[in-house]
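There are 2 protein chains.
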Amino acid sequence: MISDKINKNAHDITSFLMIGQSNMAGRGDFADVEIIDNDMCFMLRMGRWQKMSEPINPDRGIFEGNFHSGISLSASFADSYTEHFGKKVGLIPCADGGTSISQWLPGEILFDHAVMMAKLAMRSSNFGGILWHQGESDCNEFDFPLYDERIILMITEIRKELGAENLPFIFGELSEDISGDWNLSDYPAKMNEIFRKIEKKIPNCRCVKSDGLTLKNDGIHFDSPSLRELGCRYFKAYLDLTCEK
Amino acid sequence: MISDKINKNAHDITSFLMIGQSNMAGRGDFADVEIIDNDMCFMLRMGRWQKMSEPINPDRGIFEGNFHSGISLSASFADSYTEHFGKKVGLIPCADGGTSISQWLPGEILFDHAVMMAKLAMRSSNFGGILWHQGESDCNEFDFPLYDERIILMITEIRKELGAENLPFIFGELSEDISGDWNLSDYPAKMNEIFRKIEKKIPNCRCVKSDGLTLKNDGIHFDSPSLRELGCRYFKAYLDLTCEK
Numbered sequence: 000m001i002s003d004k005i006n007k008n009a010h011d012i013t014s015f016l017m018i019g020q021s022n023m024a025g026r027g028d029f030a031d032v033e034i035i036d037n038d039m040c041f042m043l044r045m046g047r048w049q050k051m052s053e054p055i056n057p058d059r060g061i062f063e064g065n066f067h068s069g070i071s072l073s074a075s076f077a078d079s080y081t082e083h084f085g086k087k088v089g090l091i092p093c094a095d096g097g098t099s100i101s102q103w104l105p106g107e108i109l110f111d112h113a114v115m116m117a118k119l120a121m122r123s124s125n126f127g128g129i130l131w132h133q134g135e136s137d138c139n140e141f142d143f144p145l146y147d148e149r150i151i152l153m154i155t156e157i158r159k160e161l162g163a164e165n166l167p168f169i170f171g172e173l174s175e176d177i178s179g180d181w182n183l184s185d186y187p188a189k190m191n192e193i194f195r196k197i198e199k200k201i202p203n204c205r206c207v208k209s210d211g212l213t214l215k216n217d218g219i220h221f222d223s224p225s226l227r228e229l230g231c232r233y234f235k236a237y238l239d240l241t242c243e244k
Numbered sequence: 000m001i002s003d004k005i006n007k008n009a010h011d012i013t014s015f016l017m018i019g020q021s022n023m024a025g026r027g028d029f030a031d032v033e034i035i036d037n038d039m040c041f042m043l044r045m046g047r048w049q050k051m052s053e054p055i056n057p058d059r060g061i062f063e064g065n066f067h068s069g070i071s072l073s074a075s076f077a078d079s080y081t082e083h084f085g086k087k088v089g090l091i092p093c094a095d096g097g098t099s100i101s102q103w104l105p106g107e108i109l110f111d112h113a114v115m116m117a118k119l120a121m122r123s124s125n126f127g128g129i130l131w132h133q134g135e136s137d138c139n140e141f142d143f144p145l146y147d148e149r150i151i152l153m154i155t156e157i158r159k160e161l162g163a164e165n166l167p168f169i170f171g172e173l174s175e176d177i178s179g180d181w182n183l184s185d186y187p188a189k190m191n192e193i194f195r196k197i198e199k200k201i202p203n204c205r206c207v208k209s210d211g212l213t214l215k216n217d218g219i220h221f222d223s224p225s226l227r228e229l230g231c232r233y234f235k236a237y238l239d240l241t242c243e244k
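Going line by line, the protein sequences match chains Y and E. Read in numbering that gives the first Met the number 0, the first sequence has 102 at position 103, and its numbers run on one by one without any break. Read in numbering that gives the first Met the number 0, the second sequence has 47 at position 48, and its numbers run on one by one without any break.
No lab work stands behind these hints: they were computed from the structure. Bear in mind that the values here come from a model prediction, so they are computed numbers and not experimental data. Watch out, some of these pointers could steer you wrong.
Beyond 12 Å from chain Y on every Cβ pair, some chain E residues (computed) [unchecked claim]: (1) Arg59; (2) Ile154; (3) Gly162; (4) Ala163; (5) Leu166; (6) Gly179; (7) Asp185; (8) Asn191; (9) Asp210; (10) Leu238.
Non-contacting residues of chain E with respect to chain Y, defined by C-beta distances greater than 12 Å in every case (computed) [as the list claims (entries may be wrong)]: (11) Asp31; (12) His83; (13) Leu104; (14) Ile108; (15) Phe110; (16) Met115; (17) Asp147; (18) Glu148; (19) Thr155; (20) Lys189; (21) Ile197; (22) Gly211; (23) Thr213; (24) Gly218.
Some chain Y residues close to chain E (C-beta under 8 Å, calculated; not the full set) [said to hold, decoys possible]: (25) Met45; (26) Arg47; (27) Ser52; (28) Asp58; (29) Phe62; (30) Asp95; (31) Ile108; (32) Leu109; (33) Asp111; (34) Leu119; (35) Arg158; (36) Lys159.
Note that beta-carbon positions come from the ideal geometry of N, C-alpha and C, so glycine has one too.
Bound-form chain Y, shown alone (with noise of 0.2 Å):
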């Protein structure tokens, strides 16, 4: 009953697509940070608006050790925003762990389901924008050269399946300090340098940094004090790139 007055009064929601890889759906232990409870937040499930709890972006099982669907970013940005404007707001989780930038371009099921998820949100809300997390997957010397064109491609033609070729699209450095054991090499840093060229090039975008930022001891996925922190940064890049002057 509570979630139908929800919908049924949900077009004051402002909504906001989260996408990209493990660092975006979340992976954040529950035992470190405090809960969110927060009665203007909105998390999308089966199309309709439910009150946010984590975890948000349930692409995993909640008992899969390091892997599992945890703390993300997206609910301190959700908490910043209904802070700052006194407005509700609403998260359409659809990132996925361990997903390459190959399986976000157009007609891959990854961005099907997103551009789905998004549409059915706009029902009941408006359209914010993107959160994008990604890129540890591209990591390697076959991936990284094409990056570029490929995450180009994705965020030109999502905005156009959303229908606004100006949509605040935010995303985020990764970790530098991801563990040797990874095999990343230094190209963290170097898609870092991609991502920086990237916000010059595509209007509307923001690129957060990702110093000072920790990592939990499986090495690559932050901690949930961090992922605290980086969506409050998130959602600082977003009032930039949209009140500025």
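Since the structure of chain Y is provided, determine the placement of chain E on it from the hints.
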């Protein structure tokens, strides 16, 4: 990487759509049953197959008291399927707690969402049928008289959308022990009569009995052991339907 392997080799998965309200979504407590850990069982996440892990249907948060996403009938259904056929099975979770049949009619968000998810699943599986449990929200004087007509419309149209007029459709009786606090009067028993009529009226449908099943102390949701049993009954009904001479 594991999920990539699953998805590239997924055309040997037989998939089932889960739709309806909370007793399909599943509100069973985790502590009351053993986890089902079966490498042949999968669940759709972001349009792709992941190893099955409860809660399978994340329509609500996991920390929401009696209304949390929890154990559902689908895990033992899937487990029974693999045990009987020795083949992989995939679940497409689209149930949403508290919803009425009018919210599942063509053009409604829940109908469209379920069709979209089933179609995404079909890209990498053989679609096997539909599992439905719903009715409690229509146990009132306004909606009950229209239920028969509405559910038949829903069954007919969803089969059309999914391209198979005789798609197996398995549904289950409501509990007739629902607590008086829910003010459903004798409507659950009347609803079950409707289900038995529909089973005879519509081809390739089976209605699963709820006798002997028990409820959580919220007085409306099946408890975890009963959901395990209900899933086995759903599988037997599916077997009867598809293997009958």
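- Query: Can we trust that Thr155/E is non-interface, i.e. its beta-carbon lies farther than 12 Å from all of chain Y?
  - Reply: 21 Å, holds
Checklist entry - Going by Cβ atoms, does Gly211/E stay more than 12 Å from chain Y at every point? => result With a cut-off of 12 Å, Gly211/E remains clear of chain Y, as the shortest Cβ separation is near 30 Å.
Legend entry - Beyond 12 Å from every chain Y Cβ - status for Lys189/E: At roughly 22 Å from the nearest Cβ of chain Y, Lys189/E sits farther out than 12 Å, so the non-interface label holds.
Status of the stated non-contact between His83/E and chain Y (beta carbon gap over 12 Å):
24 Å, holds
Worksheet entry | Beyond 12 Å from every chain Y Cβ - status for Asp31/E | 16 Å, holds
Check your understanding: With d taken as the least Cβ-Cβ distance between Gly218/E and chain Y, does d exceed 12 Å?
Key -> The claim stands: Gly218/E keeps its Cβ more than 12 Å from every Cβ of chain Y (closest is about 16 Å).
Q | Interface-negative label, Asp185/E against chain Y, beta-carbon threshold 12 Å | A | 22 Å, holds
Holds or violated: Leu109/Y as interface residue toward chain E, Cβ cutoff 8 Å? 6 Å, holds
Would you assess whether Leu104/E, listed as outside the interface, keeps its beta-carbon beyond 12 Å of every beta-carbon in chain Y? 14 Å, holds
Quiz item: Would you say Thr213/E is clear of chain Y, with no C-beta pair closer than or equal to 12 Å?
Solution: Given a closest Cβ separation of 25 Å, the condition holds.
Fill in: Interface restraint verdict for Lys159/Y against chain E (beta-carbon cut-off 8 Å)
For Lys159/Y, the interface hint is violated, since the closest Cβ of chain E sits about 19 Å away, which is over 8 Å.
Is Phe110/E truly not at the interface, in the sense that its beta carbon sits beyond 12 Å from all beta carbons of chain Y?
-> At roughly 9 Å from the nearest Cβ of chain Y, Phe110/E sits no farther out than 12 Å, so the non-interface label is violated.
Violation of the numbered hints given earlier is confined to hints 1, 14, 15, 16, 35, 36; the remaining hints are satisfied by the structure.
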